[in-house]
Structures are given as C-alpha cells and as structure tokens.
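Going line by line, the protein sequences match chains A and B. Straight run, no breaks: the first sequence in our numbering ends on number 314. Straight run, no breaks: the second sequence in our numbering ends on number 688.
The set of hints was computed from the structure by calculation and includes no laboratory data. All values derive from a computational prediction rather than experimental measurement. Possibly wrong hints are sitting among the right ones.
As the list claims (entries may be wrong) - Straight-line Cα separation of at most 30 angstroms, DSBU-like style, residue types lysine-lysine; simulated pairs:
| # | chain 1 | residue 1 | chain 2 | residue 2 |
| --- | --- | --- | --- | --- |
| 1 | A | 118 | B | 375 |
| 2 | A | 241 | B | 634 |
| 3 | A | 241 | A | 298 |
| 4 | B | 620 | B | 634 |
| 5 | B | 596 | A | 231 |
| 6 | A | 58 | A | 83 |
| 7 | A | 191 | A | 108 |
| 8 | A | 191 | B | 620 |
| 9 | B | 330 | B | 383 |
| 10 | B | 375 | A | 241 |
| 11 | A | 2 | A | 58 |
| 12 | B | 330 | A | 118 |
| 13 | A | 157 | B | 596 |
| 14 | B | 383 | B | 447 |
| 15 | B | 596 | A | 118 |
| 16 | B | 330 | A | 191 |
| 17 | B | 596 | A | 241 |
| 18 | B | 634 | B | 388 |
| 19 | A | 108 | B | 596 |
| 20 | B | 383 | A | 189 |
| 21 | A | 298 | A | 260 |
| 22 | A | 83 | A | 118 |
| 23 | A | 189 | B | 620 |
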Amino acid sequence: MKLETIRLNRINIRDERFRFSYFFDIASLARSVAATGLLNPPLLRAAGSRFVIVSGWKRVLACREAGVPEIPALVTDQTDDLKLFLAVVEENRWHRALSLMDKAEILKKLQAFGVGEKALVRDIMPALALPATASHLRRLGELARARRDVRRHAHEKEIPFSLLESFLRFGEADRSRLLAVLFPLGQNKQKELLDDLRGVVRRDGITVRRLLSGGAIGEALRSEALSPLQKAERVRGLLRKLRYPALSAQQEAFEAALRKLGRPAEIVIQPSPFFEDENVSISFRFKSAAELRDRLRKLERLASRPELLRLFRE
Amino acid sequence: MKKDSIFRPSTVLLEKGAEDTPTARRVLGNCPDIPRLTVSGRREVEERIAGVVDPVGEGKKVLFLSRHKGSFIKPCPCTARYIGCSYFIINSVLNCPLDCTYCILQLYLGGGPLTVFCNLERLWTEIDRLLAKTRGRPVRIGTGELSDSLALDHLTGASGELVAFFRQRPRAILELKTKTADLERLLRLRPAENVVVSWSLNPDAVVGQDEAGAPPVGARLEAAAEATRRGFPVGFHFDPLILFRGWEEAYGRLIDSLFRSVPARRIRWISLGSLRFPPALKGIIEARFPESRLVHAELVPGRDGKLRYFKPLRLELYRKIVALIRHAGGREIPLYFCMEDSEVWERVLKWRPRRKADVELSLSPRSVGSKSVP
Chain A
1 MKLETIRLNR INIRDERFRF SYFFDIASLA RSVAATGLLN PPLLRAAGSR FVIVSGWKRV
61 LACREAGVPE IPALVTDQTD DLKLFLAVVE ENRWHRALSL MDKAEILKKL QAFGVGEKAL
121 VRDIMPALAL PATASHLRRL GELARARRDV RRHAHEKEIP FSLLESFLRF GEADRSRLLA
181 VLFPLGQNKQ KELLDDLRGV VRRDGITVRR LLSGGAIGEA LRSEALSPLQ KAERVRGLLR
241 KLRYPALSAQ QEAFEAALRK LGRPAEIVIQ PSPFFEDENV SISFRFKSAA ELRDRLRKLE
301 RLASRPELLR LFRE
Chain B
315 MKKDSIFRPS TVLLEKGAED TPTARRVLGN CPDIPRLTVS GRREVEERIA GVVDPVGEGK
375 KVLFLSRHKG SFIKPCPCTA RYIGCSYFII NSVLNCPLDC TYCILQLYLG GGPLTVFCNL
435 ERLWTEIDRL LAKTRGRPVR IGTGELSDSL ALDHLTGASG ELVAFFRQRP RAILELKTKT
495 ADLERLLRLR PAENVVVSWS LNPDAVVGQD EAGAPPVGAR LEAAAEATRR GFPVGFHFDP
555 LILFRGWEEA YGRLIDSLFR SVPARRIRWI SLGSLRFPPA LKGIIEARFP ESRLVHAELV
615 PGRDGKLRYF KPLRLELYRK IVALIRHAGG REIPLYFCME DSEVWERVLK WRPRRKADVE
675 LSLSPRSVGS KSVP
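Bound-form chain A, shown alone (with noise of 0.2 angstroms):
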C-alpha cells in the first residue's frame, strides 16, 4: 500500500463496488475539508488508468463538493476485490456502528461478490449481528433493491427489523405512498399502523391506494388544516377502528356509559385489558384522610346508580 497524491478527477465515483453508505451528510465534511484539508486519506484501488474508492466515500465527495482538486490517498495492491472489501467491512465494523441500511448494502455486495446464500448465513450475518435466517437474508435484499426514498428512509429513520419486514411486505409503489404517512410517528406507532391496514387490505381484499384515498382516512390525507403528525395520527385511529370494529364498538360503549354514570374526575374507571375480564377496575389518588373519605362517599355514590350495570357485558 503506498501513500500518493491523486487527482480527484482520476477517481471513478460512477464504480460503487465497494461502496455500502449511500446517505451522509458531505456539506459540513465539505466545510470542514476546505477549512483544514483532508487528514485521514482514503483507500483506492487502481482500475485500469483510474481509481476506485475502496473505502473513504464520504471523504472524496467531500472533496470534490469542496472543489479540492487532489488528495492524499492510499493506494492499495490488492487485486481481490472480496478480500478488499471484507477488509474494509471489518474495520468498518469496529469503528462505527452499522445500520440496519448499511448491513443489507454489504450482504447485497457481497452477493454480487460471488458470495452464496449459505455462506452469509452462516458466516457473515453473525458478524453484522444480524440474525441468522436465509428469511432475514431475503428481507435485507428487498430492502438494498428498494427505491431510494425508501432507502433513505430506513437509513436515517434507523429503522430496526420487525419495522422494516412489516414495511416491505407492502408493494414498491405503496411502500412510497406510506412514507408519508409513516414519516412524523414514532416507531412503535408505524409499526401499528402498517399492522392495521396490511389486516384491514388482506381481510377486505382492497388496495393499499383505494383504502388511502376513499372515505374518511383519504379526506384526513387531503386536508390542508391537519399538519403531517396531524393527519398520520387520524389515519392510524381511523385504521384501528376499521381493522378492530367489535372492540372499538365496545370502547365507545363503555366510555358512554361512563359518561352516563356521571363519574367524579377523580376516579378512574376502566376495562379489563381488551375487555377479556368481565370486571372493571376503579383507581384514585388521595393525600389525606379527608380526601380518602370524599373518594368513598364518591364510590358509594356511584354503586347505587344503575347505570353502573351498563359498564359490564350483558
């Protein structure tokens, strides 16, 4: 390997053979490269009259965004391109922690490599921490072929797994049409939703488009009164109900009798957990002795009205 200084026009970008990180932020290394110059040289390798960037993507498009004409750069001997790019995947791996993204880029590379299903079951995702099924090996190759959006998504949203198989059994052009939707809620919260309305599409054999665009979920998306949380949070309340009629009947029941109990703010009543019990629970808070004797009088209060029967399965 010998240090050189090499033209940035003598390196082809449009080669990614070993490239698995896509989505970065090159405009504040830019500033930084045209501040202070490029310390930490990237590893090339030669290609017929040019180079490839074996690792140290980030930095050369640094550079050329910072118009930096040529840099220091490593160039290595090495002509197997696999031993190179394991290589660099390992010193990878100890320097930074690889997403989820980045992972499926590396098993598509290798792939591409020569590398057999087998061999990066048994011996390559252990090493990524990824566990160790050919059915995670499909899953990471739908998403390394997914389209950019998506991609980018999954990337900077730091998507785990469990979230990301449930997204990709949607359809390319759903998968885009849910990215709004999906975009300003937490993880656990798109995960319910795409749970929902993959029940609600297979059970009532719709499309994804016709479910988004109809009725009340396709009015919630066309509002311009309702910001992107706004709209994403009526769209999942409204796919919940769709997708669990009986129980949110139930819900809605519940909370009108409760509301025709009349109950005092300070006592809480509530449901068995999906109301599989048939008793409810009451709770409240006091602080003193006083207030303790109010809850009660409270309670007793509302044990003989008989409104109270409508809170419990008939």
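Take the given structure of chain A and dock chain B to it, following the hints.
Just chain B, lined up with the frame of chain A:
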C-alpha cells in the same frame, strides 16, 4: 389421510445409538428406498436444516430417529390464567408432517426436524409411574400435542404398542388425536374402551386454505365412522374454531355431517377452542402463508398474552357451535373448552369449573376407572 398423501420423508436421519431399537428397525423397514444418514445428534440435524428460507417447512420433510433424553410424559401446560383439564401428554414424536397455518409447532419447534423417539421402553415405565402417583382418579393422556397421533403410524406402527399397553391399564384413557384418515394399522387392532381416537375438525373452506397436507373433513368423518364400527370410542375437537365469512352455515353443515356419520353414543367428548396463538407466531404465519387471512381477524391479546378473538366474538362463536352440536344430536355428549376462562364456561355451558380437576371428572366416566376394560 388418502393413500396418495401419506407422508414419505425426504431423508431418514438416524442418531447413533437409536438404530438398535424396535421402533427404528420398524421405521427403516418401512422406508427401504428413502436415503438415510447416520448423524451424531439433534444439533447436526438442525444445522442441516438451518440456512434454508423455510426451515420450518424443511424440518417437516426429514425424519430424525432419536433417543429421548428427558421425560416422555408431561402434564399438559395449557396456558397461563385459563382453565386446564388435567390432561397429560406423551411426547414420543415431535413435529408433524401436516402443515397447518395456525400450528403452534412452527414457533415452538422452529426448524426442528420431525423426530421419532425410539427408546419407548422408558415411556412404559413412566406411564406406570404416573398411574401409581395418580391412584384413585382417571388419567387422560394423549400423543397428539406435539404431533399428529397417527400421521406417522404407517412408518412407526406405534399405535399397536400403545393400544396393547393401555388395554391392560383401564384407569388410563389414551387419546390418539389426528387429522388423518388412514387408519389401516390401527383398525387391525382389537379396540379398547379406554383408547379414544379423536379428530380435529374444521369446515372444508378452512381445511383447503389452512390445513395443508390434511385430508378433507369428509374423509376424516368416514375414518371416524369406521373406527366406531370397529369398536373404538371417538372424540372430536373443534379447535381451532375459525371465524370467516359464512362460518355459521359451514360449521352447521359440518356438525350435521358429523352426527350423520358417527353415532352420538360412541362420542366420548367434544372440545371447543377458538383460534389463539402467541404474537410471535403471527410473523411466521405471514411469512409462510402470505395468502392466509387467519391473522387478519379481530384478534387481541388475552390474559396469557396470546392473540385470540375479541371475547364477545368468541362467546358468539361458542354459543352457536354448542347450539348446533346439541341440536344435531349431541345433547348428552360432554363438551369442554380448551384454554378458556370461567366466564366462557358459565355463559356458554352454564357451569363454571372451580378447578381443572372438575373438568377432568366431567370427561372421565366413572366406569372407565372402576372396571376392567375388555
């Protein structure tokens, strides 16, 4: 099971030390043209299976002949916070060649191979030890928990040994639970009143969609009718009951057909249980059976964390099925729920078991424990 759908493994994997047992010799004798391989143990088999896209499906294709290192008999674990029935299970076979969408074994055994334990001499000792410990009460015990009781019988011939053994122990009731319809070996045996052959039933709409490899329900009922004609008592399991468009009519037709095929007086029990599974199985079902709609029903977490139909839907389902059974001729047949709570028992069957022994007593006629069985 129809003749043409009888299970044939792709490979027989023989664990060192298991080859010199009557069961292994019988299986190998029944698989003369199937490739066989000697392996060091389960781990080696699992490593062979791992790495394919569908290890669960792959595990169902190979037959692993092994020696059981733990206990063959266990109390049925039922599920936390629901009412059990004091059942015991015999784990002489692990995994099942049938591939039902809803099957818990996909999760429970993962990509484990279809395993036949060959050291049955220990099983007989364990059963006698259990009977000694449970003196004075009937014991129901079955082989259909971690496999189908009869799906491998054409290879193992286990039913012959089991029936012969239990015939001499009338206080124990052996249940052979199956979805298959090929009873050739079993029906050659002299029946015993304490050996109940039972079938899991679902309408053909469910069988076609979600019970891959299992024969149509008509074939199961024909097999059940034949079993009763030969003198075996029978049982039925409507489990898992599935909600789908037209379920009432479909179950109605199935139940009518059941009572036209089998005399009610020979039905020892019917169990009811609705679709339920741990949340972790959902992803497996979606990956392995993307066309199935089972997981997209209104399933919510129960007290045990398993997903099950929202309770008012379950109650409606059970009430209807019970009414259909009673109306079709099953008024006197003991019914019980699998993994349900006391509210369901009371609202549907009008009695509330206080403990699982109450359920056991309702299913075990005194006559079974008190007199010898011919």
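To see whether the hints hold, each was checked on the structure:
no., hint, verdict
1, 118(A) x 375(B), "19 angstroms, holds"
2, 241(A) x 634(B), "26 angstroms, holds"
3, 241(A) x 298(A), "34 angstroms, violated"
4, 620(B) x 634(B), "23 angstroms, holds"
5, 596(B) x 231(A), "28 angstroms, holds"
6, 58(A) x 83(A), "21 angstroms, holds"
7, 191(A) x 108(A), "26 angstroms, holds"
8, 191(A) x 620(B), "18 angstroms, holds"
9, 330(B) x 383(B), "13 angstroms, holds"
10, 375(B) x 241(A), "42 angstroms, violated"
11, 2(A) x 58(A), "21 angstroms, holds"
12, 330(B) x 118(A), "27 angstroms, holds"
13, 157(A) x 596(B), "25 angstroms, holds"
14, 383(B) x 447(B), "22 angstroms, holds"
15, 596(B) x 118(A), "26 angstroms, holds"
16, 330(B) x 191(A), "47 angstroms, violated"
17, 596(B) x 241(A), "20 angstroms, holds"
18, 634(B) x 388(B), "33 angstroms, violated"
19, 108(A) x 596(B), "28 angstroms, holds"
20, 383(B) x 189(A), "45 angstroms, violated"
21, 298(A) x 260(A), "15 angstroms, holds"
22, 83(A) x 118(A), "18 angstroms, holds"
23, 189(A) x 620(B), "20 angstroms, holds"
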